[in-house]
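Novice: Protein chains in written order, with my numbering: chain A, 1 to 332; chain B, 1 to 342; chain C, 1 to 342.
It is worth saying that the hints were derived from the structure and are not from the lab.
There are no misleading hints in this set.
Distance condition first, Cα-Cα at most 25 Å in a straight line; then the derived PhoX-like pairs of lysine-lysine:
| id | chain 1 | residue 1 | chain 2 | residue 2 |
| --- | --- | --- | --- | --- |
| 1 | A | K272 | A | K214 |
| 2 | A | K319 | B | K217 |
| 3 | B | K217 | B | K207 |
| 4 | B | K207 | A | K319 |
Calculated Cβ distances over 12 Å to all of chain B for the following chain C residues:
| id | residue |
| --- | --- |
| 5 | G63 |
| 6 | D185 |
| 7 | D277 |
| 8 | G292 |
| 9 | D303 |
| 10 | V313 |
| 11 | E314 |
| 12 | E333 |
| 13 | D336 |
To spell it out: a stretch of chain C is covered by chain A in this simulated footprint if at least three of its residues, at any positions, have a beta carbon under 8 Å from a beta carbon of chain A; those stretches are:
| id | segment |
| --- | --- |
| 14 | 46 to 59 |
| 15 | 208 to 215 |
Because the structure is a prediction, the values reported are computed rather than measured.
Think of the CB as a built atom: it goes at the ideal place given N, C-alpha and C, for glycine as much as any other residue.
Here's the letter readout for the chains.
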Amino acid sequence: MLSRMRRMYQGAESFRELGLLGFIVLVSAGIQLRNPMFLTAGNINTLLVHASILSILVVGMLMVLLTRGIDLSIGSTIALSGMVCAMTVAANPGVPPILSLLQGIMIGLIIGTIIGLLVSRFNVLPIIASLGMMNIVRGLTYVVSGGRWVSAYQMPRPFLQIATGRILGVNHLIIIAVVIYLIAYYFLTYTRTGRQIYAVGSNPDAAEISGIPKKRVICLVYMIMGALAGLAGVLWVARFASAQGNTAMGYELNVIAAVVLGGVSLTGGSGKLSGVILGALLFGMLSNALPLIDVSPFWQQAIQGVVILTAVWINVVVKRRNEQQALLRREI
Amino acid sequence: MPEHMIQLDKPRDWKSFFLQWEWLLVLIFILIHVMNSFLSPYYLNVNTFIRTPQTFLDKAFIVFPMTFIIILGSIDVSVGSTVALSSVIMAVSYNAGMPMGLAMVLCLAVSSLCGLFNGFLLARYHELSSAIVTISTMTIYRGFAYVILEDQAAGGFPGWFESFGWGSVGPVPVMSIAFIVCAGIFGMLLHRTTFGRCLYGMGHNHKACLYSGINIKKIKMIVSMLTGLMAGVTAIFLTSRMGSTRPNVATGYELEVIAMVVLGGVSTAGGKGKMIGPILAVFIVGYLSYGLGLINVSAQVLLIIIGGLLIASVLISNIRFSRKEQKKSSPALFGVEADEKT
Amino acid sequence: MRKVCVTVLAAVVIAAVLAPAMVFSAGAREEVGERHAYIFKNTGNPFGERLMDGFAEAVEEHGHQAILRAPDQPTAEGQIQIIEQLIAQNVDSIGISANDYDALSPVLRNAMNAEIAVVPSDSNVNPESRHVFVNQADPEQIGRTLIQGAYDMIGGAGQIAILSATSTATNQNLWIEWMQEELKDSRYDDVELVRIAYGDDLRDKSVAETEALLRSYPDLECIIAPTTVGIAAASLVVTDNDLIGDVHITGLGLPSEMAEYITNGACPFMYLWNPIDLGYLSGYTSMAVASGEITGAVGDTFDAGRLGSFEVVEAMDGGTEVLLGEPFMFDAENIDDWKEVY
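Sequences and hints are given; from them, build the entire structure.
Specialist: Dropping the structure here:
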């Protein structure tokens with residue numbers, strides 16, 4: 001009996017991802033009909049490159065949302081880490097790319113740690129801590145850059161290669177994203193700390209009583225988020241070959257929307273990496289495809305909003321039906 | 001008077017009365033005035049106190065219903081877009097020949113509808129978090145504003161319309177009067193009515209309210225609609241101040257408003273806070289940025305100062321309440337909705 | 001322990017409020033002659049920074065004080081607040097690169113009533129709310145020159161596309177109108193404008209829009225991007241996809257941003273005016289209007305330091321303007337001289 005219920009529950013869970021996948025297939029089919037250029041190898045590559053930075057960030061945001069938190073500061077973190085790293089390579093063209101990446105990660109880690117400490121040690125609500133840090137970090141970016149941008153000609157070739165280079169024909173960005181996914185999958189599924197993140201999210205009190213270091217886990221997720229945002233900052237700057245003060249302004253909302261599209265609830269505890277990947281993919285697809293099918297630029301934002309709302313709505317309806325059916329069967 | 005119901009930090013004696021968060025706000029408020037008048041020779045004059053508020057009061061109208069929403073443990077980030085959409089519709093319908101008075105009513109109607117739609121989604125699908133619902137409607141409302149007006153600006157309003165944002169009755173600006181009236185209404189609503197007590201109740205313990213027969217859905221819808229309505233009021237004042245409107249007006253208002261409410265001591269965990277706090281916060285943030293603007297502090301430094309102020313002020317209140325807080329389960333961000341089963 | 005923490009944090013808040021006082025009080029209160037202010041669209045924009053450098057240079061040549069401001073986001077609302085603060089400081093002139101043609105009108109008219117010279121440059125406001133506009137280049141000339149440039153690049157026939165900033169950007173829309181006007185000439189019968197895309201001046205969106213253009217129109221030969229972020233993003237995509245020589249990019253952009261792509265051939269040439277000169281001329285115009293040397297009427301002439309003498313002429317929108325001159329062409333020959341400058 002119990003095992004049957006569990007099987008059904010798992011069925012419902014994977015059904016959600018399947019639903020999202022179906023939605024993606026449906027949307028792509030529709031777009032393909034409008035523009036046959038959509039499903040070509042070249043465009044799929046473009047699409048994946050485009051979605052890769054977003055999909056790195058959603059991994060971090062997934063963990064933050066799992067613990068019932070939120071992080072609004074990542075857009076600013078991307079800007080600061082990108083700006084500082086770009087200024088460093090502009091001043092010392094000899095810096096190897098790997099050091100730039102580490103530098104970006106360190107900057108993000110510091111910001112993430114501050115937010116993590118505020119949230120876990122001082123009980124500041126995540127939305128407030130990250131909102132405050134968002135302002136502070138954005139302000140710092142302007143102060144550090146002195147209003148200047150770092151332009152393509154100031155960036156040495158190896159630095160730009162971080163994002164434009166290829167291994168076996170596959171763009172570095174895609175490879176980095178895949179590696180991060182693999183690590184995150186292992187971390188969330190098979191390590192003790194990974195499971196503790198779920199535990200803290202689904203029932204903080206129970207987690208604490210059962211001896212899980214709740215504060216440490218919460219602090220950790222913000223540190224991971226910060227580090228990933230710092231990494232994304234370097235990738236962003238290398239990809240677009242320019243660092244400016246208002247880089248990625250408001251990008252945090254895209255990330256959150258993609259994660260929620262992937263079926264992660266903002267109330268913590270539930271959400272899977274596979275869903276989040278699909279969410280990021282769908283989001284990347286929309287921004288790639290809407291210009292392709294010649295939608296009036298004035299309609300794009302409205303359509304994006306409607307698609308997100310529809311996906312979320314379908315998600316809820318499907319979940320409700322599944323729960324109802326599960327209940328019915330149990331009564332029999 | 002159901003004062004005994006749920007009041008977390010009810011004053012017990014004069015000492016705890018003066019230790020309340022709101023008094024710290026008053027202190028900061030006074031400090032800012034002292035500082036500003038030292039900083040700038042242009043600060044200390046009658047105009048500062050009479051005319052200056054209209055430079056920051058436009059978004060302050062949303063602060064009232066946002067206080068309600070945050071007391072409920074919920075959040076609404078679509079208000080900026082609601083302002084844009086209703087303002088655009090008002091301008092377009094006026095340009096299409098509708099009398100201005102009617103266009104203003106339409107503006108309020110549209111914004112209320114936007115709010116109502118949020119409320120409907122939240123009440124009907126209670127497992128959806130308010131953050132995601134309003135993030136999506138934020139994109140949709142702003143998107144519609146772009147669809148309607150495309151790359152145009154719309155304006156050319158009749159002369160009397162400008163007096164909403166710029167005019168004054170005697171020496172007092174129209175906007176300040178409207179603000180005081182709204183403050184009175186919303187203050188009464190929160191602190192002197194059953195409706196207000198229900199808000200605290202729902203924010204504090206959602207389930208208990210449900211089981212005690214409070215119509216939770218109805219209250220959610222009313223609060224969301226009020227938010228929309230006040231966004232419409234903001235739209236009218238903002239449009240009047242600018243004399244024309246575009247689809248991208250009021251970008252980022254939602255975060256400013258939320259920051260003010262939280263600075264005002266309203267806990268995002270729900271169930272805690274008073275109306276006077278956010279009102280003080282409006283003036284603190286407004287006068288702080290006005291004063292720093294008078295000595296031409298750059299925007300980036302201002303960003304840092306306001307961010308720091310937000311975090312530091314919440315830190316203080318958290319440490320003060322930390323004992324009580326620990327007894328409660330850890331404050332979920334928007335977690336109140338999760339426990340609900342209707 | 002808790003009390004200590006609260007005291008420390010309260011001290012931090014007070015310090016956060018008072019810190020600017022310590023830092024800025026030194027220079028704030030001493031009066032130095034005339035004060036001329038310039039407000040750019042938003043902070044952290046290198047074009048704006050150089051423009052303000054030029055403005056400050058002109059104003060300081062005469063021993064006056066320059067006040068340079070910018071809101072943190074490119075909105076009319078932010079600029080209105082800054083203008084109010086400047087009026088309260090009773091500055092002598094306000095130069096501005098406006099975020100909206102009409103929305104600043106009420107507040108700028110207030111400034112003019114307070115006998116402050118209003119001299120917009122770079123991005124205009126309507127004639128009722130300005131004394132004289134400092135125009136960087138004739139929009140008609142920009143639009144026509146860009147189409148002629150594209151015509152030369154594609155050898156007289158082929159598909160072209162435009163990648164603009166936001167759909168609401170006043171300058172860009174005006175230039176695009178003139179481009180379309182120029183395309184009506186029978187000389188361009190074989191040139192097809194396939195689409196106007198909007199990258200919103202965001203890197204990621206501009207890149208995505210360019211990629212979509214290249215996919216949807218495989219025969220596309222030229223992209224005109226009259227905005228720095230857009231032209232750099234389009235050139236980047238062309239470079240990354242090894243399309244240099246097949247797809248040409250031109251438009252308006254900062255030399256520093258474009259140096260890489262002009263050198264590698266993605267963009268054979270592009271145009272821009274010198275922001276330092278533009279700021280310098282705005283500074284002199286502001287001072288001339290403020291001192292009463294000119295009133296902003298057609299036919300007034302004044303001396304603009306190292307740039308020589310200028311005359312006020314009639315503007316297209318019915319107001320008056322001062323024209324800086326022809327846009328400057330950047331190509332592989334001269335780009336190295338300019339990339340360090342701005």
